[in-house]
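Following the hints, complete the assembly by docking chains B and C onto the known chain A.
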Amino acid sequence: MDFVGILLSSLSFLLDPTTIAYALATLGLALHFGFGGLLNMGMAGFMALGAYGYAIGILYFGLPWYLAAFVGIGAAIVFALILGIPTLRLRGDYLAIVTIAAAEIVRLLLLSSAFGWFTGSADGLSGFNGPGGTVTNPHEGAGGFDQSNPIPDGTYGFVPFLDNERTWYLRIVGLSILAIAIFVVWRLVNSPWGRVIKGIREDEDAVRSLGKNVFAYKMQVLVIGGVIGALGGLMLAFSTNVNSSVYVTSLTFFLWTALLLGGAATVFGPLAGSIIFWVLQAFLGLLFPALAKAGLMPFTTIQASQVKFVIVGFALVLLVVFRPQGLFGSKKELTFVK
Amino acid sequence: MRRGVHRLVSALGAVFLAFGILALATPAHADVVNPEMPFKISGNVQNNGEPIGGVTITVTGAAGFTATVPTDADGKFTVGVPEKSADYTVTLDETTLPEGIAVVDNPATPFVEANVQAVTVGPGGRSTMNFFIGQGERHTVSIADQIVQRLISGLNFGLMLALASVGLSLIYGTTGISNFAHAEMVTFGAVATFALVQLFGPAMLWLAIPLALVLSAGLGWGLDAALWAPLRRRGMGLVQLMIVSIGLSLGIRYLYQFFIGGSTEQLPGSDAERFKLFGTVTLSFTDILSMALSVLLIVVFAWWLTFTKIGKATRAISDNPSLAAASGIDVDGVVRIVWIIGSLLAGFSGILWAYFRPGIRWDMGGQILLLIFAATTLGGLGTAYGALIGSIIVGILVESSSLIIPSDLKYVGALVVLIGILLFRPQGILGRKERVG
Amino acid sequence: MSSNPTSSSPVKSTGLHTGAIKPGVAKKDPILIADHVKRQFGGLVAVDVEHVEIPRNAITALIGPNGAGKTTFFNLLTGFDTPNEGTWSFNGKSLAKVSAFKVARMGLIRTFQLTKALGLLTVMDNMKLGSTSQPGERLGASLFPFVWKKKDREIDDKAMDLLKRFKLDAKKDDFAASLSGGQRKLLEMARALMTDPELVMLDEPMAGVNPALTESLLEHILGLKKAGMTVLFVEHDMHMVRHIADWVIVMAEGRVVAEGDPHEVMKNPAVIDAYLGSHQDTDLGAVTGRITLPKLPKEK
Numbered sequence: 093m094d095f096v097g098i099l100l101s102s103l104s105f106l107l108d109p110t111t112i113a114y115a116l117a118t119l120g121l122a123l124h125f126g127f128g129g130l131l132n133m134g135m136a137g138f139m140a141l142g143a144y145g146y147a148i149g150i151l152y153f154g155l156p157w158y159l160a161a162f163v164g165i166g167a168a169i170v171f172a173l174i175l176g177i178p179t180l181r182l183r184g185d186y187l188a189i190v191t192i193a194a195a196e197i198v199r200l201l202l203l204s205s206a207f208g209w210f211t212g213s214a215d216g217l218s219g220f221n222g223p224g225g226t227v228t229n230p231h232e233g234a235g236g237f238d239q240s241n242p243i244p245d246g247t248y249g250f251v252p253f254l255d256n257e258r259t260w261y262l263r264i265v266g267l268s269i270l271a272i273a274i275f276v277v278w279r280l281v282n283s284p285w286g287r288v289i290k291g292i293r294e295d296e297d298a299v300r301s302l303g304k305n306v307f308a309y310k311m312q313v314l315v316i317g318g319v320i321g322a323l324g325g326l327m328l329a330f331s332t333n334v335n336s337s338v339y340v341t342s343l344t345f346f347l348w349t350a351l352l353l354g355g356a357a358t359v360f361g362p363l364a365g366s367i368i369f370w371v372l373q374a375f376l377g378l379l380f381p382a383l384a385k386a387g388l389m390p391f392t393t394i395q396a397s398q399v400k401f402v403i404v405g406f407a408l409v410l411l412v413v414f415r416p417q418g419l420f421g422s423k424k425e426l427t428f429v430k
Numbered sequence: 036m037r038r039g040v041h042r043l044v045s046a047l048g049a050v051f052l053a054f055g056i057l058a059l060a061t062p063a064h065a066d067v068v069n070p071e072m073p074f075k076i077s078g079n080v081q082n083n084g085e086p087i088g089g090v091t092i093t094v095t096g097a098a099g100f101t102a103t104v105p106t107d108a109d110g111k112f113t114v115g116v117p118e119k120s121a122d123y124t125v126t127l128d129e130t131t132l133p134e135g136i137a138v139v140d141n142p143a144t145p146f147v148e149a150n151v152q153a154v155t156v157g158p159g160g161r162s163t164m165n166f167f168i169g170q171g172e173r174h175t176v177s178i179a180d181q182i183v184q185r186l187i188s189g190l191n192f193g194l195m196l197a198l199a200s201v202g203l204s205l206i207y208g209t210t211g212i213s214n215f216a217h218a219e220m221v222t223f224g225a226v227a228t229f230a231l232v233q234l235f236g237p238a239m240l241w242l243a244i245p246l247a248l249v250l251s252a253g254l255g256w257g258l259d260a261a262l263w264a265p266l267r268r269r270g271m272g273l274v275q276l277m278i279v280s281i282g283l284s285l286g287i288r289y290l291y292q293f294f295i296g297g298s299t300e301q302l303p304g305s306d307a308e309r310f311k312l313f314g315t316v317t318l319s320f321t322d323i324l325s326m327a328l329s330v331l332l333i334v335v336f337a338w339w340l341t342f343t344k345i346g347k348a349t350r351a352i353s354d355n356p357s358l359a360a361a362s363g364i365d366v367d368g369v370v371r372i373v374w375i376i377g378s379l380l381a382g383f384s385g386i387l388w389a390y391f392r393p394g395i396r397w398d399m400g401g402q403i404l405l406l407i408f409a410a411t412t413l414g415g416l417g418t419a420y421g422a423l424i425g426s427i428i429v430g431i432l433v434e435s436s437s438l439i440i441p442s443d444l445k446y447v448g449a450l451v452v453l454i455g456i457l458l459f460r461p462q463g464i465l466g467r468k469e470r471v472g
Numbered sequence: 011m012s013s014n015p016t017s018s019s020p021v022k023s024t025g026l027h028t029g030a031i032k033p034g035v036a037k038k039d040p041i042l043i044a045d046h047v048k049r050q051f052g053g054l055v056a057v058d059v060e061h062v063e064i065p066r067n068a069i070t071a072l073i074g075p076n077g078a079g080k081t082t083f084f085n086l087l088t089g090f091d092t093p094n095e096g097t098w099s100f101n102g103k104s105l106a107k108v109s110a111f112k113v114a115r116m117g118l119i120r121t122f123q124l125t126k127a128l129g130l131l132t133v134m135d136n137m138k139l140g141s142t143s144q145p146g147e148r149l150g151a152s153l154f155p156f157v158w159k160k161k162d163r164e165i166d167d168k169a170m171d172l173l174k175r176f177k178l179d180a181k182k183d184d185f186a187a188s189l190s191g192g193q194r195k196l197l198e199m200a201r202a203l204m205t206d207p208e209l210v211m212l213d214e215p216m217a218g219v220n221p222a223l224t225e226s227l228l229e230h231i232l233g234l235k236k237a238g239m240t241v242l243f244v245e246h247d248m249h250m251v252r253h254i255a256d257w258v259i260v261m262a263e264g265r266v267v268a269e270g271d272p273h274e275v276m277k278n279p280a281v282i283d284a285y286l287g288s289h290q291d292t293d294l295g296a297v298t299g300r301i302t303l304p305k306l307p308k309e310k
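Protein chains in written order, with this note's numbering: chain A, 93 to 430; chain B, 36 to 472; chain C, 11 to 310.
No lab work stands behind these hints: they were computed from the structure.
Please note that a few of the clues may not be correct.
Subject to a maximum C-alpha distance of 16 Å in a straight line, what follows is the list of computed EDC-like cross-link-like pairs (lysine to aspartate or glutamate) [stated by the list, open to error]:
#1 C:Lys48 <-> C:Glu60
#2 C:Lys112 <-> A:Asp297
#3 C:Lys112 <-> A:Glu296
#4 C:Lys174 <-> C:Glu229
#5 B:Lys347 <-> B:Asp365
Pulled from the structure, derived: some chain A residues nowhere near chain C, Cβ distances all over 10 Å [said to hold, decoys possible]:
#6 Leu106
#7 Leu173
#8 Ile368
Even glycine gets a Cβ: it sits at the ideal position worked out from N, Cα and C.
Excised from the complex, chain A in its bound form (with noise of 0.2 Å):
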C-alpha cells in the first residue's frame, strides 16, 4: 500500500478547484444560516444554476464566457427571489423544506429528457470552456475560458501542487474570487447591516418592533448568499463539465456538515471546513480501499469506498450534539438559532 501516495494525492485536494468550488457554497451558506438564520437546504439548487446557466450562456446565446457567468449568477438571482417571496414571511422550517424541494425541482427539471435539448438531460453539457464554438453558432463564440488563460502551457509547481497550466488558472481564479468573496462577506457581517441580520437570526420580531423591515434583509440576504453559491457552481463549470448528477441533495447535505465543520457564524469557518471535510473525504475514499486491497480491512474495495459516507453522516450527528460551534466558532457567540 502507497501511503505517500494516498497522502499527498490527498493533500493536492487542498487547492483542488472543487474544494474552492465548495467553499465558495459553504460560505454563502455560513451567510444564510450563520448570520442570517436562514436554513436554505437547497444550496445544491443555486450551484446548479450558476453552473447551467452559465454553460447555456455560452453554448445558446454565444455569451464570451465573463458575461456566461452572468447569466449563472443572475439564474439564481431569480432563483432566491422565487423562493423567498412565500417563504420568508413562514417559519424557519418551512423555508427548509421548501429550498430542498426547489433544489430537486431545479435538478429533475435540468434532468428530464422533455428538456433535452437544451439542457443536455442525463448527460449534461459539455464544451463550453474550450475554443469559441456554440451549439447555435458553431463558428462563433468570443473564445472560451480556456482561451483567456495566461499562462503558457507547461506543468509548475511542486508534489502534490504539480499540475498543467489549465488548473494552475482554475486555482488562481478560484482562489481570488473565493478571497474577494469572504472579504465581501466579512465586511457585510462587521457592519450594521450585518447586526441587522445577526439580530434577525436572534429574534426576527424584536428587530421588526425596533423598525427595520425584516422582509428585505432576509431575501437580501438570500439573494447574497444564493449568488456565491452559485459562484461554486460557476467555479465547478470552469473546471469540468455540468451534470445534474452533481447538484443532488447530498451535496447540500455536504455543505452544511463543511459549514459545521468549520463553525457556522464565522467568516473563515467555511474555508476552513471545506477544506478539512473534502481533503479528508478524499483521504479516507483512497485509504479505505487501498487498506481493504492490502487485506487489512474486512471488506470489498467497494465496500470501502463507500465507508466514508457513513463516517460523515455520523460526523455531522457527532458534531451537532457535541461541538455546534465548529471547530473554530465560540462557544459562545453562535450555536443555533431557536
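Quick look at chains B and C alone, frame taken from chain A:
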C-alpha cells in the same frame, strides 16, 4: 427472488435465438444514445425479418433515467444505460410504426402489453430487447382507461405514502423534529425483509414481513432510546435536531449501500401476474394486497389514535406539550411509543414501496422523502389525519400527472404543489391557522 | 410581587378626558385612537374594542384578567397581527394594513411580554440596533465603512448614555443572553428608547423582575413621561398601576369594560365583575389586600 427475472431473460433468449441470429450477425450501425454510459441495451425491430427504421424506442430506468432513440435503417437501436444489474423498461411507440401493424403479443403473457417490455441488464452490462411486429391490434389505451389505471395506481401509491407520512407527522407533532431520517426508516422495512428472505428463503416471505415489522418497531425504539431521548433531555433546539436527523439519514443510507450494494434487488412476488380488471386496466395481486393491508393498518392506527388512552395522550402532546406534561401525561413514554409506531408504519410503507417501484435499493426511501414531506405539509404539519389525506392527494397527483407531463417530471408536480401550498395555506388542509395564546 | 412604594410620589397628570367617564371616553389630546377593532381566532373573539383613546404624554395602564385580550390588542395596534375589522390611527395617521416595522418607524415602539433580548448579540449591539436611519444598515453602504463610521460613533455615544442611565454600562460587551431576566427587561426598554419613540408600549414590563429592579423599572417608566413620551403598558399588579399610571383602561373578554383614574376605576362594578366574576382564578393576590373591594351583589 431473481426467478422471475431469469425466466424473462431465458424466454427472451429463446425468442432471440429463434428469430434474431441473422440480424445480430450483421455489423451494427445503430443510432446510439448515451454512448459514454458503460452499459448497453440494444435490439431490433423487425416485421417478418424486414427491419423497420424510424421507430421510437424509449428506455426508462430507476432514478429518473430516460432515453429515447429512433431505430436506424437496419431496425436497430442501442441505448447506453447508467447501471448494470438493474431493471429497465423498453417501450416501443406503436404510433411510429407503419400503418396496419403492431407489436405481436406474447401468448404466454396475454395481459402484458407487448410494446412495453421489462429488461434486466445483467452483471455483464449488456442486454438485448427485440420487438417482433406483425398484423395485430395496437396497444392504444383509451384515455378513460388510462385515467382509471392512474387513479388506482395513485391510490395505491398514496396509501403507501400515508403509512410513512402519518408517522412523520406524529413525530413532528410530538417532538417538533423534521425527521429526514424517516426515509431510512422506510428503507429499513424493505431491507430487513430482503435480508430475512435471504436468510429463510423466499417461501418464508409470510414470516419475513412480520419479523421485518418487528425489527422496524425495534429501530424506532432504539433510535429514540439511544439518540432522541437524550437529546430531548439536553433541550436541544429544533434546528439542531433537524440537522442531526440529516446526518443520521446520510449515515444510515450509506450503511445500507455498504451492505446491499448499489444495485436493485427484488422481493419474492414482485413479478406477480397482472390480471385484467376491465378495458386495459390491469392490477396485480400484490397491488390489491398492498392496498388492502394499507387500509387495514391505517384504520387500526386511526382507531388507536382516536380511542386509546395513549393515542389521546399523543394528540394532547401534539396540541400543547407543556399543558400535556402538566396534566400528568408521561410525555417521554408517549414519545417513545410514537417513535415505535412511526417506525413500524414507515417500515411497512418501505415493504410496499419495494413492490411498487419495484425493487429494493439503498436510497429507495430517499427517493420519496420529499413526497412524504409534501404530503405531511399538505395535510398540515403535525396532524396525523391531515397527513393521510395529503398522502392520497400527492399519490394520485404524482401518478396521474404523467398523463400530462413527461413521466420523469412526475415528482416535480408534487413538489410544486408543496411550494404552492406553503404560499397560500401554510397550515395545510387540516392544520389550524392560529391558536389563542 | 411585594415591593415598596417609591420614595417620591410621581406627578400625576389629571383632566385627561372630556365628558363623563365611561368606556371609550374621548380624551383631550389622544395620541392613539382605535375604533371597532375586532380579532377572531376561529370562533373565539379575542379582541372586540368598540372605541378607545390613549391620552398623549401620560402613562396609561391596560389591565384585565388573563385572556382578556390585552396582548392581542397590543399586537393588533403595532401591526404584529391583523384584525378582522376595525380602524385605528396614531397621531391621526391610519395604521390599518401598515406593517409592523413601518408602525415602529412612525414612533410607536413596543416591547414584548416574553423579553426579546437578542441573546447572541452584545448588549451594545442590541442597543445600536435600536437606532433608526443608519446609513450602514443599507446593503450597498455597509460595504464602505467610511460612509457609516461617523454615524456609528454617534450612535455609540447615545447608546452609552442610555446604558449608564439603565445601569447596564458595565455589561456593554457581554452577550445579552448572559443578563438576568430583569436586566433584559431594562435592556429591551433602553433599546426601545434608542429609536426616539413618541409612544412606548410595554407588555408586562414588570413580569418576572425581582423587586430590587422593579423600583428602577418604575422610575424609568416615569422618566419616559418626563422626557415627553407617552406610555401604554400592560400590567397585572394593581399596586404598580395605582402608583404610576395616570389613566387605567380595563379589558375583559376582549372588550374595554371600564376606564378612569386608577383610584376610581377599581371601584367600578364592571371591573370587579371582570376580575372576580368571570375569572376567579386570576392573580387576585395583586388585587386583594391592596384596595378594598366593596361587596356588591352580582346583578345585571
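We went through each hint and held it up to the structure:
A distance of roughly 8 Å separates the Cα atoms of Lys48 (chain C) and Glu60 (chain C); the hinted pair therefore holds under the 16 Å criterion. A threshold of 16 Å between alpha carbons decides the hint, and for Lys112 (chain C) with Asp297 (chain A) the separation of about 13 Å falls inside it, so the pair holds. Restraint check for Lys112 (chain C) and Glu296 (chain A): the C-alpha separation of about 15 Å stays at or below 16 Å, so the hint holds. Taking the CA atoms of Lys174 (chain C) and Glu229 (chain C), the gap is near 14 Å; set against the 16 Å cutoff, the hint holds.
Among the hinted pairs, Lys347 (chain B) with Asp365 (chain B) is consistent with the structure: their alpha-carbon atoms are about 12 Å apart, no more than 16 Å. Interface exclusion of Leu106 (chain A) from chain C stands, the closest Cβ pair being 30 Å apart, more than 10 Å. Residue-level check passed: Leu173 (chain A) sits 15 Å from the nearest beta carbon of chain C, beyond 10 Å. Chain C leaves Ile368 (chain A) outside its interface by the beta-carbon criterion, the shortest separation being 25 Å against a cut-off of 10 Å.
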